[in-house]
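Visitor: The residues making up each chain are set out below.
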Amino acid sequence: MSTPSPSAATLRDETVAGTRGPPAAVEAAIERSRAVGAGRAGLNIFAWTDDDDARSHAAAALEQMSDTDPGLLLGVPVALKDNIATLALPTSCGSRILAGYVSPYEATVVRKLREAGAIPFGKTNMDEFAMGSSTEYSAYGPTRNPLAHDRVPGGSSGGSAAAVAAGIVPIALGSETGGSVRQPAAFCGIVGVKPTYGRVSRFGLVAFASSLDQIGVFGATVDDAARGLRVIAGYDWLDSTSAELDVPEYHEAGAGAVKGMVIGRPTEYFPESLDPRISARCDAALERLRALGAEIRDVSLPHTEMAIPVYYIVAPAEASSNLARFDGVRYGLRIEGDGLRGMYEATRSQGFGAEVTRRILLGTYVLSAGYYDAYYRKAQQVRTLIAADFSRVFASGVDVLFTPTAPTTAFPIGAISDPYEMYLSDIFTVTANLAGVPAMSQPIGRVDGLPVGGQFIAAHFDEMKMFTAAYALERALGAEARA
Amino acid sequence: MPISIDDVSHIATLARLGLSDERAAAVVGELNTILGHMDALSTVNTEGVQEAIGVGARGTPVRSDSGPPLPLARALAAFAPSLRDGFLLVPRLSSHESVDDA
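Residue numbers (the numbering used here), protein chains in the order written: chain A, 1 to 483; chain B, 1001 to 1102.
Simulated from the structure, these hints should not be mistaken for laboratory data.
Note that the structure is a prediction, hence the values are computed from the model and not measured.
Glycine included, every Cβ here is placed at the ideal spot set by N, Cα and C.
The reader is advised that the hints may include incorrect statements.
[Unchecked claim] A short, non-exhaustive set of chain B residues, derived as facing chain A with CB atoms under 8 Å:
(1) I1011
(2) L1014
(3) T1033
(4) H1037
(5) A1052
(6) V1055
(7) G1056
(8) P1081
[What the hints assert, rightly or not] Simulated DEER-style distance windows between Cβ atoms:
(9) A/S66 - B/R1092: 52 to 62 Å
(10) B/S1020 - A/P23: 43 to 53 Å
(11) A/D51 - B/L1072: 20 to 30 Å
(12) A/E336 - B/N1032: 29 to 39 Å
(13) A/A395 - B/S1042: 28 to 38 Å
(14) B/R1063 - A/R55: 35 to 45 Å
(15) A/A395 - B/N1045: 19 to 29 Å
(16) A/E244 - B/V1049: 27 to 37 Å
(17) A/G42 - B/S1020: 29 to 39 Å
(18) A/G42 - B/L1070: 33 to 43 Å
(19) B/R1063 - A/P23: 32 to 42 Å
(20) A/G42 - B/P1071: 34 to 44 Å
(21) B/L1070 - A/A35: 34 to 44 Å
(22) A/S391 - B/N1045: 14 to 24 Å
Okay, chain A solo, but in the shape it has when bound:
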């Protein structure tokens, strides 16, 4: 009988105590995958799996059991999004253009996971090149939400979210450009963290929009996510945007209290058009925090409504540049055409899906002569104002903000065909990416049986405050968070 994975802390403690070894943890994850139907014909959680690869990582973790200071994730299987470079399994970004491509180097986060005793476990399905909010735009087909199989898991890191929600692994890595960890965490009823820009090395993360991209962590609980972030965070010479700052013990934030903490409720994140049931869940969560001694303060982030237009100019512009490298010359798919240009065009047209093509064209347009000032430059100026909104609020004494993570719960597969309507799924998450601040989503209850996510946002490198509030809210809500 398959059961959901124990927590990361339990797995590690049992490994250290010798009551459960890494091989047993891997076999349990493999069995759970089979039991929940994680394969292509079922939930379609993974793009690539190799049980023997996972077993070899478990054997390596076994070697660390005698270490005097065992790693924080010793014996913990961790699933990886298909855009994070691994040496054995392919890294294909959910795209035909990189189908079967195996990286010649390993992402820094994967190395750090292995050094902490974790067991890399499969590459998870995703929207192609992380462009999407539902994990429907994958060359390998849509991933299904483990809690409601006819619905999306959110995206673009939907496979990683589903792997945790299905109880296969307690931790998974995703990537965030505009909410691709937090929104699927909300849709799947788990915890998802986007760290501060610079907190985690992106070496080995396939680039989408470089001024926004950040590797994030999913956890079944706040503690799982905190442990995952603690392991992967920190300076890396190989990523010039990574910050050379000390990494706090995020998993010790649970000992903190929210008494005296000032929690901002930004009015722009609670518009009249918001589903009143989602709004009510958020306000109930805020009441719990107030009861614990936090001060709840109404605040304003006046440029919030401009975040979607800014994001969908800046991100496609950067994507059009980053994805220029996929041209059939050095790696990945090559389709022969008429000469060099014909090869470029045939490869890219047949290799990229519709949404990626749309965003490359959009990005190319807003950067092209005659339109740069009206779109890209203007968007970067408004981005400054969005970031300034956050700076002003945090400078006024607000410790963290609390908002809904998404305007809806998980929607049915195939329900949204209009690209802009899909973009609006990110309306409450893109702001943190544009400002570079950390944010996280956690379950705060259900509407019609589907999970609702609440989002904490903190100032740059203030993840500890965010985790302190998240641990406290998780404890206060108890079983209500998933009811």
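Chain A is fixed; fit chain B onto it per the hints.
Guide: Here is chain B on its own, set in the frame of chain A:
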């Protein structure tokens, strides 16, 4: 001013994307709808506002842009679509002779 089919053809060429006539026509409508929503930005007064550069970045030391090349776990030949004598092969530009004549 709305995007035209000629604009789409132009940016597809810049982006090295081959589009069928049918797809190009569909893209015209899609991009015009998306860009219509972007026009909201024109209502924001940005006079004197700097463009965003490195939002909130700190702790990122300036370092020398040097160092040993990263050792690769597998050779170029393992993943390059076409390779000869350590060089990546590509089709010749149309202004050059056929590669078969080389």
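Visitor: Take the hints in turn and mark each one as holding or not.
Guide: We went through each hint and held it up to the structure:
1. I1011: 5 Å, holds
2. L1014: Check passed: Cβ of B/L1014 comes within 5 Å of chain A, closer than 8 Å.
3. T1033: Nearest chain A Cβ about 6 Å off; hint holds.
4. H1037: 6 Å, holds
5. A1052: 4 Å, holds
6. V1055: 4 Å, holds
7. G1056: 4 Å, holds
8. P1081: Holds, about 4 Å.
9. A/S66 - B/R1092: 52 to 62 Å: Given a distance of about 59 Å, which is inside 52 to 62 Å, the answer is holds.
10. B/S1020 - A/P23: 43 to 53 Å: 52 Å, holds
11. A/D51 - B/L1072: 20 to 30 Å: 26 Å, holds
12. A/E336 - B/N1032: 29 to 39 Å: Hint holds: Cβ distance 34 Å, inside 29 to 39 Å.
13. A/A395 - B/S1042: 28 to 38 Å: 29 Å, holds
14. B/R1063 - A/R55: 35 to 45 Å: 39 Å, holds
15. A/A395 - B/N1045: 19 to 29 Å: 22 Å, holds
16. A/E244 - B/V1049: 27 to 37 Å: Given about 30 Å between the Cβ atoms, the range holds.
17. A/G42 - B/S1020: 29 to 39 Å: Given about 34 Å between the Cβ atoms, the range holds.
18. A/G42 - B/L1070: 33 to 43 Å: 38 Å, holds
19. B/R1063 - A/P23: 32 to 42 Å: Hint holds: Cβ distance 41 Å, inside 32 to 42 Å.
20. A/G42 - B/P1071: 34 to 44 Å: Once the Cβ atoms are compared, 39 Å apart, the range 34 to 44 Å for B/P1071 and A/G42 holds.
21. B/L1070 - A/A35: 34 to 44 Å: Holds, since B/L1070 and A/A35 (Cβ atoms, about 40 Å apart) stay within the stated range.
22. A/S391 - B/N1045: 14 to 24 Å: At roughly 19 Å between Cβ atoms, B/N1045 and A/S391 fall inside 14 to 24 Å, so the hint holds.
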